[in-house]
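*Asks:* Sequences listed follow chains D and V, in order. For the first sequence, numbering that gives the first Met the number 0 begins at 0 and goes up steadily by one. For the second sequence, numbering that gives the first Met the number 0 begins at 0 and goes up steadily by one.
Rather than coming from a laboratory, the hints here were simulated on the basis of the structure. Cβ atoms here follow ideal geometry from the backbone N, Cα and C, with glycine treated the same way. Take these hints with a grain of salt, some might be off.
Away from chain D, derived, C-beta distances all over 12 Å, residues of chain V [stated by the list, open to error]:
1) F16
2) V60
3) A238
Okay, the calculated beta carbon distance ranges per label pair [claimed, not checked]:
4) R134/D with V232/V: 34 to 40 Å
5) Q93/V with A162/D: 53 to 59 Å
6) V232/V with Q78/D: 33 to 39 Å
7) R206/D with W252/V: 53 to 59 Å
8) T87/D with V232/V: 38 to 44 Å
9) L59/D with L239/V: 47 to 53 Å
10) L26/V with D80/D: 48 to 54 Å
11) V294/D with S250/V: 34 to 40 Å
12) T87/D with R251/V: 19 to 25 Å
13) P207/D with R175/V: 28 to 34 Å
Covered stretches of chain V, going by a simulated chain D footprint (3 or more residues, C-beta under 8 Å) [said to hold, decoys possible]:
14) 44-56
15) 187-197
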Amino acid sequence: MGGLLARRLLTLPFVLLGAALLIFLLPRLAGVDTVRSVLRSRVAEAEPDPEAAARVTAELGLDRPWPEQFLRWLGHALQGDLGISFATRTPIAPQLGAALEVSAVLSALALLVAGIVGIPLGVWAARRRGGLADRAVTGFSVVGTAVPEFVLAPVLVLLLAIAVPLFPATGWGTPAQAVLPVLTLAAFPTALAAQLTRAETLDALGRPHVTVALAKGIGGSQLIWRHGARLALTGVTALSGMFFAGLLGGAVVVEVAFGIPGLGRLLYDAVIGQDLPMLQSGLLAVVGVAVLAGVGAELLQLALDPVARSEVGA
Amino acid sequence: MRRALVLVVVLVLVAAFLPVDALTTDLANRFAAPSLAHPLGTDNLGRDVLARLVAGTRLSVWFTLVAVAACAVVGTLLGLLAGYAGGVAGQALQRVLDVLVAIPTVIVGLVVAAVREPGLSTLLIAVLLTGWTPFARLAYQLTVRERAREYVEGAVALGAGPGRITLVHILPNAIRPLTAHACLRFANVLLSLAGLSFLGLGAQPPTPEWGAMLAEGRQYLFAAPQLVLVPAVAVVGVALLVTALGRRLESRWSSR
């Protein structure tokens, strides 16, 4: 086997290269005439002048074979040169950087809420298995995973911005403006974390090492947190892909619904505005973040789980 | 509980076949309160909200059924074959699934909408691109488990080929967990459909679709909150219901 991390690292270059190639080929799949789009983004002219078209073609290297174009494009992207947006006619990299920062803050806050609320809820439910608390938490996690962001966003706005005007309904920048989007985005990971933690803790509490700990007289909270919850947490991090997909998909909806200038909003605007260079750059960023998140989760799991550590060593 | 479940499933199916007029506008009668003529009131163009809800149910149910069925067939076949072949094919499938699990349908929907026009066919492609993976994973795991059984060994000894063994011998033994899983996926696909339509990438106005209705109603949240609440309750209600059904089937069929 060689361990999860080793396997992932081994396939990583292929995944990255494949994703980059797909992203590069996107305008061709879309049947977009790049030269025309570029000219139209520079001068508002219906029929481009053939001389200018030939100049742009040579300038962008579009007369070269496509593998060469791909390598050149990838090289530029790796050096931070992502080209120029069709829509704003300004370099993409700074816009993308700003959007990434906003989305990172939004997702980190949502994950923080999920960790602080979801994991203790799951442990609590597992300790009172079958009781009222357990049923309440299970009910919450079922509803929380079934209510999508596009429903939760307007409902929260209705409740906490219109019926009881506590928080602003749109915008980004002040802490008050962050409350509704973070709550909306946090619902799914919180419910998922509670559900997984409950299941994993119950499973862990049935293991021999917990019985041994009980026999040694370790009881109560110490047992739950040191032996049960720790094992549960490794199960939660193992499903990080689900969390990541949930957060990323949710971020698009949340950022559009609340008017937040993040990565999801950038991708959405790029699609609506047919801004292909922006879309390609945004997708490259998504792939990069996905890979980082995956590797980060593996490392976290190694830190938490001695079994996984021994697998890597073997 | 089971009777309630059956009742609501029947209601949804009836709604799926009920003829309604969801498109006629009546500008003199905008934002009307619920009445006998319009049990759930009217929307910003004076259209009957109940009629749009029913028509939206029809669209959602049919679309989701088609999409889930297609995902189930593609995913199951790939999972069966990779699981039976094992080795490189199995590893390759698992690596592909590892990558795809981290890509949300919304992002795929955005990309497909950039390549094509936004619309229902775009939506179907986006759902298919991500939706086959859970079926493939489950079918793969089930096949790996079943492959070790004696009846497969017997079939091999009798000279059956891989196609016959997977489809005639292994698939019937894996069909129940896969069916239960399809119910769970139904809710997921339903929400993807509504979510992408909410973003304007799926069903286009004036098509009555729950997500599109939500997006439209959001602009009148202050004056007419029911325009958001009605489709919200519908989409969450159906999603919860189908999930409950799937869980029930799963726990019943996995215990045997």
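*Asks:* All hints are to be evaluated individually against the structure, with a verdict given for each.
*Replies:* These are the hints, each one checked on the structure:
1. F16: 25 Å, holds
2. V60: The assertion about V60/V holds, with a minimum of 17 Å to chain D.
3. A238: 5 Å, violated
4. R134/D with V232/V: 34 to 40 Å: This hint is violated: roughly 23 Å between Cβ atoms.
5. Q93/V with A162/D: 53 to 59 Å: With Cβ atoms ~49 Å apart, the hint is violated.
6. V232/V with Q78/D: 33 to 39 Å: 51 Å, violated
7. R206/D with W252/V: 53 to 59 Å: 27 Å, violated
8. T87/D with V232/V: 38 to 44 Å: 40 Å, holds
9. L59/D with L239/V: 47 to 53 Å: Holds, since L59/D and L239/V (Cβ atoms, about 52 Å apart) stay within the stated range.
10. L26/V with D80/D: 48 to 54 Å: 52 Å, holds
11. V294/D with S250/V: 34 to 40 Å: The hint (34 to 40 Å, Cβ to Cβ) holds, given that V294/D and S250/V are roughly 35 Å apart.
12. T87/D with R251/V: 19 to 25 Å: 56 Å, violated
13. P207/D with R175/V: 28 to 34 Å: 32 Å, holds
14. 44-56: violated (count 0)
15. 187-197: Since three or more residues must qualify, the claim that chain D covers the stretch 187-197 of chain V holds, with 4 doing so at under 8 Å.
Checked against the numbered hints listed earlier, the structure breaks hints 3, 4, 5, 6, 7, 12, 14; every other hint is satisfied.
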